[in-house]
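Engineer: Taken in sequence, the protein lines are chains A and B. The opening position of the first sequence corresponds to residue 1 in the working numbering, with each subsequent residue numbered one higher. The opening position of the second sequence corresponds to residue 298 in the working numbering, with each subsequent residue numbered one higher.
The set of hints was computed from the structure by calculation and includes no laboratory data. Where hints are given, some of them may not hold.
[Unchecked claim] Capping the alpha-carbon separation at 20 Å, the derived lysine to any residue pairs in SDA-like fashion look like this:
{"id": "1", "chain 1": "A", "residue 1": "147", "chain 2": "B", "residue 2": "533"}
{"id": "2", "chain 1": "B", "residue 1": "595", "chain 2": "B", "residue 2": "506"}
{"id": "3", "chain 1": "A", "residue 1": "186", "chain 2": "B", "residue 2": "362"}
{"id": "4", "chain 1": "A", "residue 1": "100", "chain 2": "B", "residue 2": "344"}
{"id": "5", "chain 1": "A", "residue 1": "100", "chain 2": "B", "residue 2": "533"}
{"id": "6", "chain 1": "A", "residue 1": "98", "chain 2": "B", "residue 2": "315"}
{"id": "7", "chain 1": "A", "residue 1": "100", "chain 2": "B", "residue 2": "562"}
{"id": "8", "chain 1": "A", "residue 1": "100", "chain 2": "B", "residue 2": "556"}
{"id": "9", "chain 1": "A", "residue 1": "98", "chain 2": "B", "residue 2": "561"}
{"id": "10", "chain 1": "A", "residue 1": "100", "chain 2": "B", "residue 2": "389"}
{"id": "11", "chain 1": "A", "residue 1": "98", "chain 2": "B", "residue 2": "595"}
{"id": "12", "chain 1": "A", "residue 1": "106", "chain 2": "B", "residue 2": "389"}
{"id": "13", "chain 1": "B", "residue 1": "410", "chain 2": "B", "residue 2": "389"}
{"id": "14", "chain 1": "A", "residue 1": "100", "chain 2": "B", "residue 2": "565"}
{"id": "15", "chain 1": "A", "residue 1": "98", "chain 2": "B", "residue 2": "562"}
{"id": "16", "chain 1": "A", "residue 1": "100", "chain 2": "B", "residue 2": "363"}
Each chain, written out:
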Amino acid sequence: MRVTGSRYIIIIFVIGALVLSACGAEINRLQNADMVDSVTLTNKGSDTIVNLALAWAEAYHATYPNVSVSVTGGGSGTGIAAMINGTVDIANASRRMKEKEVDNAKENGYVPVEYVIARDGIAVIVHPQNPINRLTLQQLSDIFSGKITNWVDLGGENRPIVCLSREVNSGTHVYFLESVVRMGNKNDETFFSPGTLLLPSSEGITSEISQNPNAIGYDGLGYVTDAVKTVAVSPSDDGLYIMPTIKTVIDDTYPISRALYMYLPGEATGYTKDYIDWIYSEQAQSIVEELGFVPVD
Amino acid sequence: MNSKMIFNTKYRQLLEFVVEAIIRISGYSAVVFVGLIFLFLMQESLPTFGEIQARDLWSQRWYPIENYFGVLPLLSGSLIITLGAALIAIPFGLMTAIFIAEIAPLWLREILKPLVEVLGGVPSVVLGFLGITVLAPLVREELYLPTGLTAFTGAVLLAGMAIPTIVSVAEDALDAVPKAYRDAALALGATRWQTIWRVTLPAARSGVLTATMLGIGRAIGETMTVMMVTGNAPQMASGLGSLFISLRTMTATIAAEMGEVANGSLHYHVLFSIGLILFLISLTVNITASAVLFRARKRTERLLS
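Just chain B, with the same shape it has in the complex (with noise of 0.2 Å):
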């Protein structure tokens, strides 16, 4: 038993073959994957709009144990708290990103980049507890509301979360920019505004994008902060107006409610109905900031030949 016997040629394609079938298979995984949650969200939603119907549920008011399930609160509600928070992460991350990677010095950025990554792993109900303790009876006091409990207060915090992943995705994007690009923009006569505006942002637009969407598709998705700090009160959000009252997210029914639920029951089902909504919502942003990625880059490739 020498190496030399173990690791003949059939050996090797062996070898060879399982490795290559192991990646295939992950690769093909994801797309299995989302491919059966899709299906089990549709089965278990499914038999919702059989028992109520659709207009019950494109109603104004959310209470199940009384047989009200009116989505239509829980749906503006996330919705409203994920822009406001989209306001504020994406101008501040982007800001974030450019002074790392344009103008900072290297030392500096060597400090920053990794600890903004470390805020990016802060645990989300560390951050809800941070929002209850201090962000929330601050917002009340400066703002001279009822409550601090509100979607400000959630937006507030989600924008903390999502500025992390903005900033890092959209900092690697900029970093990429060849220098040469730059270089050219300057002995043009350009100022350094200039140049980061017209010329490295534009050539990082789509590493841009990725990072605005991956944010806000975190902001879309959290759960326990917005849960421990928005309140919930299932209330019309209407404008932005809506941001400074307390709103229920989708995801903070699903969290709140899923484990009264009994298997099969009607509340359940519709449960699931909101499951089902939350991922044809971050389907479509995926979709759209795909369809965009690619349509710049067919309009660069233009450019280029």
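Next comes chain A alone, as it looks inside the complex (with noise of 0.2 Å):
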């Protein structure tokens, strides 16, 4: 029994080694093949932009089918990241970097270069049923810092205020804090209030918001449903109160908008240059209205 028993694992072993350097074989064989015509491009970092960078890239493949991008998020930081680090070929950001990553990068050997790919209005939503339609940069900068903590105070029913932000990581996290949380005052020190809920994903924000209606949070307008109120936001007390919508972001009247960044770690050559070519093409640039978001010139 003994004999016959380690006969028996012989016997498996010498076949998994078969089998497996079969796969091996396969695989290589598979590879070099694939190297020859064809090229993948790394594109990694913002969420908000994941979905536009796919959408590009499969309109990209479909006319260049040797050419593959390859797009995952994460958030802006997350491929800032990554290009500091040597691993990806484009960067996409909804921040610009800032100093300290650019001189990360450098230490690296990396100079980074940065295009405006689109803009992005960012949205405040809200329950459908808050009877709150519109507030004033001021009052959003109070609810989301934490001094004001009851919707009665802003005229709305008498119900505690959940704010609902992404997660630090994300460019939009960022852009929200310096321009509004802060109002663009580059030495105030005001911070999220410490009860914000910090959630990981634009969907999470937005299902959360879909069925609490204690909850107001904030997304790119490409990310509003039908399931949230969006709120009118006036820059001033006295101002007008702007909805944000293609128009108002291009124009520059409503007052939460950004660009939209890639980055590239030096200047581009080659596929990365014609796919950077590809995306302020007119067939790009369509792609972005489709998806909600502002296109540039």
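With the hints as a guide, bring both chains together as one complex.
Structural biologist: If you want it as structure tokens, here you go:
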């Protein structure tokens, strides 16, 4: 019995080894075949841009079948960190690179090159049954920094306010902090209130707001669905209240809008250059508009 | 070439040696891996202490993008959520184990035990999804809370993940108590409950303790579920009342922020320090558990001899 037992084991090992090596050879062959006539560009970063980047990647691959662009999200900080560490070809960001990040990249031998690839309005959203229709920037700042904690202070129902924000690695978070919570004042040290919920995705924010009448949050214009209500925002106390639309973002009347960026770890060359050039084509910029973002010239 | 030649003595000795070596290496490897992980964590987290002071780490604001690295909110968040999960999971899990091992008829037992183990195999992201869509709105409406994304929601789901572990291990331990113990207790006129509480459960205590520790270990290390349902607000937790506000755990912080950091930055080192804290916590839990077990075993040996 023992002898047959070991023999079985040996046979299994031998078969296993043969199968594995065969697989390995097969995979190698496939990879080699792929290497000859196709290229994969890696593209990572902002979750705001990820749907747009995916749509671009698909359209580009349809036109140029030998180039595929692999797109992943994770947040602007994630994409920029990957570029600094040299693991992606193109980083997506919904904020500009910080000086510190540029320095880090230079230390690693990369000189980042910036492209503004689209514009985005950030919509402030509440539950559909919330009677509040409009807010000023100052009120938004007070809400998210925790100075106003009940809807009744804004003329709404007697309900506690629950603030929702994206995680700190999101460019939208940083942008909202700088231009809404701190109202563009660089020396302002106001923070999001510690009770602000930090949700890992745009979808998380939309789904919580659609079911919680206490909640208020923000999301890129492209992510707003019918399940939530968008609030009109006024830049000053006596000004007009403006709804975020493609038109108001282009003519810059809506106060919470920003540029979306792509960063390359050096001057664009070869396939990367072709891709970036294509992004500024009419075809690519019409995809921008389809997804609820705002095209650039 | 026949089989007699292949399996001669020398070959067998060689085979014996190889198999023995493989087994020995696997045995030692666990220790080596733990050691290496610890060394790696130390190496990546120690630079933290050169760059910021311990006082800054031991503070109450966590806002890494502006260099506030107070880990207290995260530490207290993890502890309170784990405590909440343990308070739910331990009684519930032990009662289930007792029911399955001692009370349920054989046919029911054969259905229940595999079902509980299947529950243990549900991926955490699926539980998290259920938490967001079903449990969180329920918690908000039934408990009149501002939001359902609270530590309590996380604790309930973590308890759900710890219970299968607790039930499975504790049930095995109860099952291993010799039938003679129960017969003796019943013969002395003890009721069924007295038998369970005074005889079976104490006899199985080491297994029950292991079950509890494994369950808690699962709860404190869980990441995905808590990241999805606890709201991740870095607030200080103080006392059990904090279960009903949003909290941020250490695991969720590492998961949410590790992708963002540049290798070698201060934030990167601080995240590794948090990993080190988690490692030390689970090490302490395990060492305490084995120390308690060891003491208990020695006492039993004394009593029996």
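Engineer: Does the structure break any of the earlier hints, and which numbers would those be?
Structural biologist: Hints 5, 6, 10, 11 and 12 are the ones this structure does not satisfy, whereas the remaining hints hold.
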